[in-house]
Structure formats: structure tokens, C-alpha cells
Amino acid sequence: MNKQMALFLAHSAELETEAQERYEELAESMREHRNIPVADFFRRMVDEAGRHLEEVAELAADMTLPDLKAWEFDWPDAEAPETTSYEALHYRMSLRQAMQLALDNERAARAYYSDYADNCEDVETAEVARSFAAEESSHVAELERLMAEQPADHPHLWEEDDDPHMPE
Amino acid sequence: MMQAIPLKARDFKSDVKPIWCPGCGHFSVLNAITKAMAALGIDKDDTVLVSGIGCSSRLPAYVDSYGFHGVHGRGLAIAQGLKVARPDLTVLALGGDGDGFSIGGNHFIHACRRNVNMTYIAMDNEVYGMTKGQASPTTPMDWDHSKLTPHGPGVRPFKPAALALASGAPWIGRGYSGNPNQIAKLIAEAVEFPGFSFLHVMSQCITFCPEQTDWKAVVSEMDGPPLADADAAAKQFLHEDGFQTGLLYREERPTWPPVGETAVDETALASLAASFSV
Chain A
0 MNKQMALFLA
10 HSAELETEAQ
20 ERYEELAESM
30 REHRNIPVAD
40 FFRRMVDEAG
50 RHLEEVAELA
60 ADMTLPDLKA
70 WEFDWPDAEA
80 PETTSYEALH
90 YRMSLRQAMQ
100 LALDNERAAR
110 AYYSDYADNC
120 EDVETAEVAR
130 SFAAEESSHV
140 AELERLMAEQ
150 PADHPHLWEE
160 DDDPHMPE
Chain B
0 MMQAIPLKAR
10 DFKSDVKPIW
20 CPGCGHFSVL
30 NAITKAMAAL
40 GIDKDDTVLV
50 SGIGCSSRLP
60 AYVDSYGFHG
70 VHGRGLAIAQ
80 GLKVARPDLT
90 VLALGGDGDG
100 FSIGGNHFIH
110 ACRRNVNMTY
120 IAMDNEVYGM
130 TKGQASPTTP
140 MDWDHSKLTP
150 HGPGVRPFKP
160 AALALASGAP
170 WIGRGYSGNP
180 NQIAKLIAEA
190 VEFPGFSFLH
200 VMSQCITFCP
210 EQTDWKAVVS
220 EMDGPPLADA
230 DAAAKQFLHE
240 DGFQTGLLYR
250 EERPTWPPVG
260 ETAVDETALA
270 SLAASFSV
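Read top to bottom, the protein sequences are chains A and B.
In this text, residue positions in the first sequence follow numbering that gives the first Met the number 0: the first is 0, and each later residue adds one.
In this text, residue positions in the second sequence follow numbering that gives the first Met the number 0: the first is 0, and each later residue adds one.
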């Protein structure tokens with residue numbers, strides 16, 4: 000068995016699983032807070048991540064992947080590259096801001112796969128990593144196209160009559 | 000014979016969907032708890048999450064195990080009673096900074112002193128979020144975002160790690176909600192520790208304290224093994240900036256009751272139960 004490939008696919012599966020589960024969590028919480036356009040967008044991203052996860056699962060079908068604990072994965076940052084960071088979220092965020100977050104995630108995933116391919120000694124694994132990077136590039140291009148169609152955010156987007164602070 | 004399929008983190012989530020604000024740090028702790036449970040291979044039926052009141056105390060409802068949503072500040076009291084009566088269970092108490100350090104402050108210091116073999120996770124966002132943003136025991140003294148304290152609380156915030164150490168806690172860790180995988184690792188270590196483990200999590204409140212998103216730039220991980228010398232730890236916890244994460248302090252000392260034993264008198268318990276029978 001190609002151990003390098005198994006380790007890489009374990010990371011890829013975790014990356015897509017984390018991305019999918021975070022988008023799912025965000026879609027649900029945005030719906031809970033009545034930000035429906037953003038909830039629908041995150042739901043769409045759940046499906047996107049799910050499709051990529053299926054591809055990874057297909058490649059790994061005849062392999063035994065290493066059983067790593069959540070903290071044993073080797074990521075460039077605290078969380079897997081395509082996982083939406085909690086710091087950038089707000090229930091009043093616009094669709095455009097949500098798209099920007101997703102775009103940042105896709106770019107991070109592309110950089111991860113691309114770096115992996117460049118630094119991997121196993122030719123077969125590097126080739127798969129490069130194909131994953133190319134797929135992330137197509138997601139980046141699609142999100143850039145969607146963002147270009149979005150109107151600019153209202154300058155007072157973050158203001159509302161019912162401020163969350165306690166009334167006097 | 001069929002082999003049991005190991006459970007994944009998501010298998011430990013219940014069907015109840017969190018109503019926390021998107022971006023709330025408590026999501027991170029929820030994910031960390033389920034990841035730790037999956038990693039430890041914990042049996043759902045042998046695990047109990049006990050909480051008090053507050054945003055963070057909603058957490059037991061979101062985990063597919065046994066749970067008890069108690070009264071304000073009393074999560075630790077209930078959890079200790081449960082662990083003493085049922086030492087075979089894995090017991091985690093959960094709550095926020097107001098619940099744990101103010102309303103439940105008395106229970107916190109005595110839980111540290113008593114050293115029952117269980118884990119307490121305090122999700123500290125330095126504010127009472129559920130009641131719309133009032134100062135808590137860990138709010139910075141110049142935090143002037145609430146109309147109740149327009150010039151800031153004006154009093155020094157608690158240092159939870161120092162308080163825990165002074166009260167006798169043998170295991171003290173600190174996590175940050177921006178790093179759920181580190182929190183998961185700390186929870187797994189805390190659960191396996193034979194004694195009272197206190198995990199302080201800096202868990203951002205995106206709604207009432209949006210400035211806490213800056214924490215990401217200042218948190219750091221502790222280098223090397225945890226401190227085992229209480230004097231050195233006291234010095235560190237009193238003078239640090241509070242942004243160092245990891246397992247900070249660890250010493251082993253006898254638990255109450257001894258690990259695996261119960262302090263319950265079964266005969267007296269049966270007699271008490273009988274007195275309530277109708």
C-alpha cells in the first residue's frame with residue numbers, strides 16, 4: 000500500500016469533512032437568525048464540499064486510511080484549510096461577505112494541495128494533490144464570478160434599529 | 000460477529016440545533032467535546048454533561064449523551080454529586096464565566112479543593128451574554144460597552160487559573176475557541192486525568208464583545224511540559240497576560256472519594272429512597 004497516498008487522502012477527507020460540517024453548522028445558525036440568503040449560500044457550499052468528499056472516498060475505497068485524532072492532522076494553521084474561521088462570522092453578515100469567506104477557504108485549500116504536491120516525494124500522490132488543487136482553482140473561479148455579480152454592500156450594513164446591547 | 004463501527008464526532012451531536020449566534024466561540028467547544036468523545040471512544044450511555052445557566056450552559060442539549068441543565072451556578076454541585084454516587088460515569092460540568100465564577104463561585108473553589116474525579120469546562124467570554132451584555136467577573140475593568148457600566152466595571156477581573164490553583168485544582172488547562180482541535184486534545188487529557196480537571200476556554204462573544212476577535216492575534220501555546228510546582232505556577236498565573244494556552248499545570252494527588260470508589264452508603268441511600276415511596 001502507498002502509505003504517503005493513504006496519509007494524504009486521510010488529510011483530504013478530513014479537510015472536506017471539516018469544511019462540510021462547518022458550512023452545515025453555519026447554514027443552520029444563519030437560518031436560526033433569519034439571515035436566509037446567507038443560510039442558503041452556506042447550504043450550497045455544504046453540497047460542494049460533499050461532492051469533493053465523495054471523490055476522495057472513491058479514491059480511498061480500496062485503502063485503509065490512518066485513523067488520526069482531530070489534533071493529529073498536520074495543517075498549516077489551527078484548523079483544516081477549508082474550514083470557515085469563527086472570528087469572521089456575524090449574524091448580520093451579507094451574502095457578499097459570506098462569499099468572500101468561502102472564496103478565502105477555497106484559496107486556502109488550493110494553496111494546501113498545491114504546496115503538498117510541490118513538497119511530496121511520492122509522484123503518484125503529488126499527481127493527485129495537483130488534481131485536487133486544480134479542482135479548488137475551478138471553485139475559486141466560480142466564486143469570483145459569483146462575487147462579481149453581487150452588488151456592493153450597503154455602507155451601513157452593520158447598523159440596525161434593534162441593537163443587541165441592553166436597552167436602558 | 001459484527002465489529003462495532005467507531006463513532007465519529009458528528010455521531011455525538013444531538014438533533015437539537017444550537018441557537019447560539021453565528022461565530023460564537025461555544026460552537027468550537029461543542030465541536031471539541033464531540034471530537035474528544037470520539038477520540039476517547041467514550042460510550043454515550045456512560046457520559047453525562049451537567050451545566051448551569053447561560054448561553055454556554057445550553058451545550059448539554061446539543062450532545063447525544065445524558066445531560067442535566069441545572070440551575071444558575073450549581074452545575075458543579077450537581078456534577079460532583081453525580082460522580083460521587085456513580086463513579087463509573089464520565090462526568091463533565093460546563094458553564095460560562097458568570098455562572099462559574101460569580102453565581103457559582105463558591106462551588107468552583109470547593110470543587111477545586113475537593114478533587115472529585117471529573118472535568119469542568121468554563122467557557123469564558125467575559126460577559127453575561129444571555130441577558131444581553133453585562134459585565135461578569137472576568138470582564139476587563141475598562142470595558143465600557145454596557146449601559147449598566149458605562150465607564151467599565153472599575154474592578155479587577157478574576158484570574159481563573161490563579162483562583163483554581165489557590166483552591167487546590169490539580170489539573171489546569173486553557174484553550175481558545177479559535178483552535179477547537181487543541182481544545183479537543185485538552186478535553187481528552189482532562190477526562191483521562193485521575194482527579195478534578197479545570198479547562199478554561201477563552202470563548203469569544205461575537206455579539207457583545209466583537210473586540211474578542213482580536214484574541215487570535217495574541218494567543219500562544221505553552222512550550223514544554225505543564226508546570227508541576229505550585230509556587231512557580233502561582234507566580235505565572237498571577238502575572239501572565241492570560242493568553243497562553245495548553246496544559247498549564249498538572250499534579251497528581253488523592254481524589255475524593257478515591258478513584259473507582261463511591262462515598263455513598265448504599266444502605267442509607269436505599270432507606271432514603273424508601274422514605275419517598277408511596
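Heads up, some of the hints might be wrong.
[Claimed, not checked] Pairs of lysine-lysine residues, derived as DSS-like cross-links and limited to a Cα-Cα distance of at most 30 Å, are as follows:
| hint | chain 1 | residue 1 | chain 2 | residue 2 |
| --- | --- | --- | --- | --- |
| 1 | A | K68 | B | K7 |
| 2 | B | K215 | B | K131 |
| 3 | A | K68 | B | K131 |
| 4 | B | K43 | B | K12 |
| 5 | B | K146 | B | K131 |
| 6 | A | K68 | B | K16 |
| 7 | A | K2 | B | K7 |
| 8 | B | K131 | B | K43 |
| 9 | B | K215 | A | K68 |
No lab work stands behind these hints: they were computed from the structure.
Does K12 (chain B) sit within 30 Å of K43 (chain B), going by the straight-line distance between their CA atoms? holds (10 Å)
Assess, step by step, whether the Cα of K215 (chain B) is no farther than 30 Å from the Cα of K68 (chain A), and give holds or violated. Cα-Cα ~23 Å, so holds.
Compare the distance between the alpha carbons of K68 (chain A) and K7 (chain B) with 30 Å, and conclude whether the hinted pair is satisfied. With Cα atoms ~10 Å apart, K68 (chain A) and K7 (chain B) stay inside 30 Å; holds.
Can the restraint linking K68 (chain A) and K16 (chain B) be considered satisfied, given a maximum Cα separation of 30 Å? holds (25 Å)
For K68 (chain A) and K131 (chain B), compute the direct alpha-carbon distance and say whether it is at most 30 Å. violated (37 Å)
Measure nothing beyond the straight line between the CA atoms of K131 (chain B) and K43 (chain B); if it is 30 Å or shorter, mark the hint as holding. violated (34 Å)
30 Å Cα cutoff - pair K215 (chain B), K131 (chain B): holds (24 Å)
Regarding the pair K2 (chain A) and K7 (chain B), is the alpha-carbon distance no greater than 30 Å? Holds, because 23 Å separates the two Cα atoms, which is no more than 30 Å.
Between the alpha carbons of K146 (chain B) and K131 (chain B), is the straight-line distance 30 Å or under? At roughly 11 Å apart (the allowed maximum being 30 Å), K131 (chain B) and K146 (chain B) satisfy the hint.
When the structure is compared with the earlier hints, violations turn up for hints 3 and 8 and for no others.
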